[in-house]
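What follows is the residue order along each chain.
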Amino acid sequence: MSTRDELLAVKGLGVNIAGATVLDGVSLAIRPGEALGLVGESGCGKSMTSLAILGLLPRGAKVTSGSVTLRGEELLGAGEDALCRVRGGAIGMIFQEPGACLDPVMRIGRQIGESLEIHRGLKGAAQDAELRKLLAEVGLTDAERVLRAYPHELSGGMQQRAMIAMALAGEPVVLIADEPTTALDARIASQILDLLDRLRRERGLALLLISHDLAVIGGRCDRVMVMYAGRLVEAAPAERIFSEARHPYTAALIEASPGIAGVAPKSALRDIPGQLPAPGSVMEGCAFAPRCSLARPACSTRVPRWSALADRGNERGVRCLQYEEGW
Amino acid sequence: MRNALFLTALSRIATAVATLLVVAAVVFFLMRLIPGDPVLNWLGSNYDKADYDRLKAFYGLDLPVGQQFFVWVQRLFQGDLGSSVLTNLSVVEELLRRIPVTVELIVLALLVALPVGIGAGIWAAWRYGRPTDHALLTATLLGISLPEFFVGALLMLAFSLEWRLLPATGFSRFAWSWEHFSHLVLPALALGLPRAAVICRLMRGSLLEVFGRPFIRASLAKGLSRKATLFVHAVRNALIPVVTVIGLQIGYLVAGAVVVEKLFVIPGVGAYGLNAVFARDYPSVQGFILVVATIFLVANVIVDLLYVWLDPRIRIGPRTAAA
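Protein sequences appear in the order of chains P and U. If you use the working numbering, the first sequence corresponds to residues 1 to 327, in order. If you use the working numbering, the second sequence corresponds to residues 1 to 323, in order.
So here's chain P without its partners, still in its complex pose:
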């Protein structure tokens, strides 16, 4: 893709927490109207990536390298005022556990209204009208009740819809959804994903969908990027990743996932042996080597480079020594 139509671009992002590397050379880019899926086990750095984009890394975490640009404008190191305009403005974000992400002692209407006020200066009647429009857009029909409700008076699905309305209030061009359905039951989860899909089409939003669940990502995204231990290990168009996974980790992840749309499991579900390395422990060599069935001695000493794969004009890439010279 040309850099011209990139809306949000992350390049070579590295993050340390207390000296331990948690993100290493993460690069991704999203175009308007595109849905990019970011997948990986818990703790692989997906959420850290989204927080770094918004400049909301936890205390003690430091960006060591890379850049984050929104419409060509650098966000890393930008002033707090500029970041406040971007957060909830150009970039909206929703999280896991909507119930915990809403202020328990403030009415929903005021919480969404806050966003309308800080990003669009809407107050009073104008704000009220816009609130009703937003609620209708996210499928919350009983506006009267919802606006006056406290978070605990809404169901999980309604809470997430309210969070989405809040994220939309600043008229974002990018929406980051970090595990938006993990805390919800299956039926509600698929409704929320449908809603995100619709909003993307109607508003031309660029969607960064983060999940540990390939099944959530697969059916909803144009492209998928797989992360492992703070590094991207594979990128591919969504329709190809299941049939043509190149990285052993992606393949293992697919074998371990039940019910991926359109892909019947070839065999019984297979667990991935071992576990994700602790942050900062293995950054020499391929982090997946200890769990990889194809690993050779070289895998634990050499960090694999990102290998671009030619694939009929689609951008594909993989970080595995198999695809490098001298394998």
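One thing to keep in mind: the hints can contain errors.
With a Cα cut of at most 25 Å, we get these calculated DMTMM-like pairs of lysine to aspartate or glutamate [to be verified]:
1. P:Lys133 / P:Glu144
2. P:Lys123 / P:Glu137
3. U:Lys227 / U:Asp311
4. P:Lys123 / P:Glu80
5. U:Lys227 / U:Asp133
6. U:Lys227 / P:Asp81
7. P:Lys62 / U:Glu93
8. P:Lys133 / P:Glu202
9. U:Lys49 / U:Asp80
10. U:Lys227 / P:Glu202
11. P:Lys62 / P:Asp178
12. P:Lys11 / P:Glu179
13. U:Lys49 / P:Glu171
14. P:Lys62 / P:Glu179
15. P:Lys133 / P:Glu74
16. P:Lys62 / U:Asp133
17. P:Lys123 / P:Glu97
18. U:Lys227 / P:Glu144
19. U:Lys56 / U:Glu93
20. U:Lys49 / U:Asp62
21. U:Lys227 / P:Glu137
Calculated from the structure, these hints are not laboratory results. Only a predicted model underlies this, so the values are computations on that prediction, with no experimental measurement involved.
Go by the hints and put chain U onto chain P.
The following block gives chain U in isolation, referenced to the frame of chain P:
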């Protein structure tokens, strides 16, 4: 919401009245278990047995304890707390004259403790781990460790004796005048500052806990500045557990008032109660305890209502808001 508030208030008041009666009964019997005899106190060591018996009968102290209690409760419902064994003055009149003084002192102490404590707590949490935080933690540790009478004595030394800014002791009748309030500045500080220290630490801890909750990150992610997030979302949530403890702190304020009134020679309920206990002046002690318990209970009813207002998750029902 209104309805919830009303029902909660009603159930709290009913509980408070019952508690008051239990407290009264416990104190009534406990006082009589303490060695010492008010009539003997009054008569001194050289007395006539006939005088002694006459006085005992006059104050109704010759009756069996159970019957004394019955008589006391009966009179209580008629608004009569008897008269002091020491001065023969009506306990009710004496207390009514002194209650406003003590209540004013406590209110002034709260006006010191709440803003200072909550403000310092917010400041410390905002500057978590930095020098300001460490300084405040050290100062509040001192505040918690030093008793009111010591703080009072220090304030007296500095502001009255050294700098001659404020009167050391004494009292003047209530008026909206500097003359009146100047006598209460030091006592209110002596009473309020140790409480402020406790509230500061609680507020700091509560805020730090709230900072870690997901809705704070969500608030930042929607574009609120860190300051706005602190004041709009964090502080109110952090106040919920602190308010509960403030209710209990009122108990310390009442207890502290006894000492502070004595130290600064303020004619309040506390000084009265202290003298009454030393003299084994049963009717006065009982009246005093009743007043103290009432202040404490009223304060806690207010706190419970504040709680319902602060936290919408608390719903109707006598037990849900129990802290």
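Against the structure, the hints:
1. P:Lys133 / P:Glu144: Holds - the C-alpha atoms of Glu144 of chain P and Lys133 of chain P are around 12 Å apart, at most 25 Å.
2. P:Lys123 / P:Glu137: Roughly 20 Å between the alpha carbons, so the hint for Lys123 of chain P and Glu137 of chain P holds.
3. U:Lys227 / U:Asp311: holds, 22 Å
4. P:Lys123 / P:Glu80: holds, 24 Å
5. U:Lys227 / U:Asp133: holds, 17 Å
6. U:Lys227 / P:Asp81: Distance ~12 Å between Lys227 of chain U and Asp81 of chain P Cα, so the pair holds.
7. P:Lys62 / U:Glu93: violated, 69 Å
8. P:Lys133 / P:Glu202: holds, 14 Å
9. U:Lys49 / U:Asp80: violated, 29 Å
10. U:Lys227 / P:Glu202: violated, 35 Å
11. P:Lys62 / P:Asp178: Holds, at roughly 20 Å.
12. P:Lys11 / P:Glu179: holds, 22 Å
13. U:Lys49 / P:Glu171: violated, 94 Å
14. P:Lys62 / P:Glu179: At roughly 23 Å apart (the allowed maximum being 25 Å), Glu179 of chain P and Lys62 of chain P satisfy the hint.
15. P:Lys133 / P:Glu74: The hint is violated at about 33 Å.
16. P:Lys62 / U:Asp133: holds, 23 Å
17. P:Lys123 / P:Glu97: violated, 29 Å
18. U:Lys227 / P:Glu144: It is violated: about 30 Å lies between the C-alpha atoms, which goes past 25 Å.
19. U:Lys56 / U:Glu93: Measuring from Cα to Cα gives roughly 23 Å; hence the hint holds.
20. U:Lys49 / U:Asp62: holds, 13 Å
21. U:Lys227 / P:Glu137: Roughly 31 Å separates the two Cα atoms, so the pair is violated.
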